[in-house]
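Going down the list, the sequences are from chains A and B.
With my numbering as the guide, the letters of the first sequence map in order to residues 1 to 344.
With my numbering as the guide, the letters of the second sequence map in order to residues 345 to 705.
Because the hints were derived from the structure by calculation, they are not lab data.
Cβ coordinates follow ideal geometry from the N, Cα and C atoms, glycine included.
There's no promise every hint is true.
[What the hints assert, rightly or not] Derived list of chain B stretches under chain A, where covered just means 3 residues or more per stretch with a C-beta under 8 Å from a C-beta of chain A: (1) 496 to 503; (2) 518 to 527; (3) 548 to 561; (4) 565 to 572.
[To be verified] Straight-line C-alpha distance at most 25 Å; calculated DMTMM-like pairs for lysine to aspartate or glutamate: (5) Lys-80(A) with Glu-304(A); (6) Lys-193(A) with Glu-581(B); (7) Lys-190(A) with Glu-653(B).
[Stated by the list, open to error] Incomplete in silico selection of chain B near chain A, CB under 7 Å: (8) Trp-369; (9) Thr-488; (10) Asp-530; (11) Ser-608.
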Amino acid sequence: MALMVVKFDLKKRVKLAQTVWFMYWFAVLAGILVLSLGLFFKIELRKRSELMDNNESHFLPNLLIAMGLIACATNAFGGKVCYDSLDPTKFAKWKPMLKTFLVLCVGFNALLVITALLCFVMRIPLQFTLAEGLKNGMKYYKDTDTPGRCYMKRTLDLMQIEFRCCGNDNYRDWFEIQWVSNRYLDFSAKEVKDRIGSNVDGQYLMDGVPFSCCNPSSPRPCIQYQMTNNSAHYSYDHYTEELNVWRRGCRDALLSYYGGIMNTIGALVLLVTMLEVSVTVGLQYVDTSLSTLANPEDMESESEGFLLEKTVKETYTDIMAKMKAMGKGAKVEEGGEGGVATVS
Amino acid sequence: MALLKMKFSQQRRVRLAQGLWLLSWLAVMCGAFIFSLGVYLKIELLRRDEVMDNTEIHVVPNLLMMVGLASIGANWVASRVCQDSLDASRFPRWNVLLLAWYAVAALLCCLLLAVVVLSYALQGRLEESLKVGLRNGIRFYKDTDIPGRCFQKETIDHLQMEFRCCGNNNFKDWFEIQWVSNRYLDFTSQEVKDRIRSNVDGRYLLDGVPFSCCNPASPRPCLQNHLTDSRAHYNYEYQSEELNLYSRGCRQALTDYYMGLMNSTGPGVLSVILIQLSVLLSMRYLQTAVEGAMALEAPEGESEGYILEKGVKETYADIKAKVLDLLKFAQVDPASEATGAGEGEKAAEASEKAATPPPAS
Chain A
1 MALMVVKFDL
11 KKRVKLAQTV
21 WFMYWFAVLA
31 GILVLSLGLF
41 FKIELRKRSE
51 LMDNNESHFL
61 PNLLIAMGLI
71 ACATNAFGGK
81 VCYDSLDPTK
91 FAKWKPMLKT
101 FLVLCVGFNA
111 LLVITALLCF
121 VMRIPLQFTL
131 AEGLKNGMKY
141 YKDTDTPGRC
151 YMKRTLDLMQ
161 IEFRCCGNDN
171 YRDWFEIQWV
181 SNRYLDFSAK
191 EVKDRIGSNV
201 DGQYLMDGVP
211 FSCCNPSSPR
221 PCIQYQMTNN
231 SAHYSYDHYT
241 EELNVWRRGC
251 RDALLSYYGG
261 IMNTIGALVL
271 LVTMLEVSVT
281 VGLQYVDTSL
291 STLANPEDME
301 SESEGFLLEK
311 TVKETYTDIM
321 AKMKAMGKGA
331 KVEEGGEGGV
341 ATVS
Chain B
345 MALLKMKFSQ
355 QRRVRLAQGL
365 WLLSWLAVMC
375 GAFIFSLGVY
385 LKIELLRRDE
395 VMDNTEIHVV
405 PNLLMMVGLA
415 SIGANWVASR
425 VCQDSLDASR
435 FPRWNVLLLA
445 WYAVAALLCC
455 LLLAVVVLSY
465 ALQGRLEESL
475 KVGLRNGIRF
485 YKDTDIPGRC
495 FQKETIDHLQ
505 MEFRCCGNNN
515 FKDWFEIQWV
525 SNRYLDFTSQ
535 EVKDRIRSNV
545 DGRYLLDGVP
555 FSCCNPASPR
565 PCLQNHLTDS
575 RAHYNYEYQS
585 EELNLYSRGC
595 RQALTDYYMG
605 LMNSTGPGVL
615 SVILIQLSVL
625 LSMRYLQTAV
635 EGAMALEAPE
645 GESEGYILEK
655 GVKETYADIK
665 AKVLDLLKFA
675 QVDPASEATG
685 AGEGEKAAEA
695 SEKAATPPPA
705 S
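Full structure from sequences and hints, please.
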């Protein structure tokens with residue numbers, strides 16, 4: 001008993017072929033969309049690869065680009081087959097490869113589902129990469145004279161301004177590292193000597209943050225230095241002051257930015273998967289409706305289209321049996337050779 | 345002698361109508377493009393409305409939007425005319441409209457040209473408007489507690505960071521105004537009292553700038569205060585320090601930005617003018633060719649298309665004569681009334697003269 005049988009006369013077959021051809025062109029556009037999403041994500045990762053220690057994994061955008069290309073190719077081929085399906089002579093040359101093509105399409109759709117799931121899951125490795133990268137980035141903020149790191153200050157400043165964030169978890173991260181280069185410290189001044197002597201590593205630590213942490217929405221001019229000292233500034237209480245510097249940490253800000261991109265891409269890939277599944281089903285119906293003509297010579301005769309030749313259970317047992325037969329066939333040959341060897 | 349005569353066979357007329365139909369739809373797209381260009385320019389100008397003193401520069405995007413809409417309408421009409429042009433029963437009703445259509449299309453081309461000219465001519469006015477607007481913005485920077493001005497600080501900070509500029513002409517503009525609000529000044533401290541007494545208006549002036557002037561590309565952490573005092577910072581030379589703050593003034597930065605926007609739209613507008621002109625000329629050819637064909641006994645035969653029925657001079661003389669006729673027609677009635685009144689007066693005079701002599705004699 002075939003699965004989901006539908007009766008077709010000539011008019012219905014023609015309409016089906018035209019609809020599926022149209023849908024295939026949409027699917028080609030969807031493939032281009034997936035490709036461009038992959039490229040966009042790759043470029044966004046590259047833009048901030050400095051902040052991720054050049055360590056970020058490009059697996060997901062590369063996979064998206066590959067899937068986009070494969071989708072374009074298979075959908076273009078499917079569209080061509082549909083276009084030719086109305087002409088029996090042209091269709092005859094495509095007929096033998098259609099079954100394998102449909103199996104490949106099913107496999108491709110499964111891969112698309114996996115890609116969509118990956119988009120939602122890959123957030124977690126990205127989180128760790130970002131945390132590591134930002135910590136190192138802040139350490140190299142002062143090294144504007146070291147080749148290879150001289151742009152870290154500018155990159156961090158621009159990132160903090162753009163994403164409205166300060167430090168890794170919050171602004172206090174800047175209190176724990178030396179972000180003023182030794183070139184600009186007067187080592188003969190008492191204040192500098194005190195600060196350097198106050199910690200084990202001999203670093204110039206201060207309770208101040210760079211200017212890029214400043215929040216423009218604050219009603220008062222930005223307080224960057226001596227932030228924990230209430231008496232250093234008039235009418236200032238650092239426990240209640242909220243608008244002075246950005247309160248969010250840059251790891252959170254970047255993660256939510258990239259997370260948003262990945263969620264959107266995942267949702268779009270799921271939609272594309274649904275489109276792909278529907279065109280595969282459509283092509284299966286086109287193929288079966290043309291193979292079950294009541295009178296093979298007469299193009300106007302009725303035919304039946306179905307999804308699976310037998311029910312799901314029977315198809316499954318068939319596939320299992322085929323695979324076992326293939327396995328046994330390999331064994332029989334070995335056994336035969338062994339027997340020949342023992343005889344002789 | 346007609347101007348630029350061309351022969352049109354039936355097939356050529358059909359081709360001309362089809363080509364013109366496509367061209368007029370292309371011109372509709374161009375009209376939509378001009379409209380969206382105007383909308384984009386207007387939005388960009390409105391975004392920085394707070395630092396502009398007047399809205400004279402808005403005439404450029406307003407004109408672009410109007411011309412874009414009018415061009416969409418006119419070219420859609422042109423495509424309808426093309427569709428009807430090959431049907432002899434439907435074409436004559438467009439005849440009256442076509443003269444007005446030519447006037448509208450020519451006017452649109454002139455307006456587009458005026459837009460290109462204006463966008464260069466108004467540069468001076470834009471700079472003036474920005475100068476006054478930025479001066480006010482910088483003056484009201486500290487007034488974050490006064491309703492109506494409380495967002496000036498945020499606006500100016502965002503502006504300086506986005507356009508990488510500082511102050512009106514340069515960063516020294518910040519030295520001349522008080523940009524720290526009195527709410528955050530400790531009036532009991534000696535330093536504050538000194539600074540307030542040091543100038544006539546009693547303002548707290550300092551040689552420092554807000555954080556938004558800081559240049560992220562500088563190798564050293566930003567120096568914002570005591571900028572003119574080389575001894576206040578280690579290894580700092582006021583005269584030779586270049587990267588610490590943005591060196592450009594915001595007026596220059598904004599003017600460059602807007603001029604760049606308008607210049608980059610120049611080629612697009614010029615090509616739209618060309619397309620509109622070609623639609624106009626092709627429409628004229630189509631009209632004269634189809635009219636010529638309808639006048640023939642065999643409508644499928646050859647006809648002539650031209651731009652003007654007679655030469656330029658003769659057409660001009662014709663138009664002048666027509667206009668004078670219209671004017672004369674308006675004058676003839678008053679003239680006939682005047683002659684009638686004059687005759688009445690003469691009769692009265694004659695009767696007076698006839699009346700006066702008898703007493704003398």
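Comparing the hints with the structure gives:
Figure legend: the segment 496 to 503 of chain B, annotated as covered by chain A; annotation consistent (4 residues with Cβ-Cβ distances under 8 Å, at least 3 required). For the segment 518 to 527 of chain B, the proposed coverage by chain A is satisfied: 4 residues have a C-beta within less than 8 Å of a C-beta in that chain, meeting the threshold of three. For the segment 548 to 561 of chain B, the assignment as covered by chain A holds, since 6 residues bring a beta-carbon within under 8 Å of that chain's beta-carbons and 3 suffice. Counting residues of the segment 565 to 572 of chain B whose C-beta sits closer than 8 Å to any C-beta of chain A gives 3, which meets the bar of three, so the coverage hint holds.
Among the hinted pairs, Lys-80(A) with Glu-304(A) is consistent with the structure: their alpha-carbon atoms are about 22 Å apart, no more than 25 Å. Restraint check for Lys-193(A) and Glu-581(B): the C-alpha separation of about 23 Å stays at or below 25 Å, so the hint holds. Between the alpha carbons of Lys-190(A) and Glu-653(B) the distance comes to roughly 97 Å, so the proposed pair goes past 25 Å and is violated. Annotation: Trp-369(B) was flagged as interfacial toward chain A, and the flag is violated, the nearest CB pair being 23 Å apart, outside 7 Å.
Evaluation of the Thr-488(B) hint against chain A yields a held restraint, the C-beta minimum of about 4 Å falling below 7 Å. Satisfaction of the interface hint for Asp-530(B) is found here, the shortest Cβ-Cβ separation to chain A being roughly 4 Å, below the 7 Å cut-off. For Ser-608(B), the interface hint is violated, since its Cβ never comes within 7 Å of a Cβ in chain A; the closest pair sits about 24 Å apart.
Consistency with the previously given hints fails for numbers 7, 8 and 11, ordered from lowest to highest.
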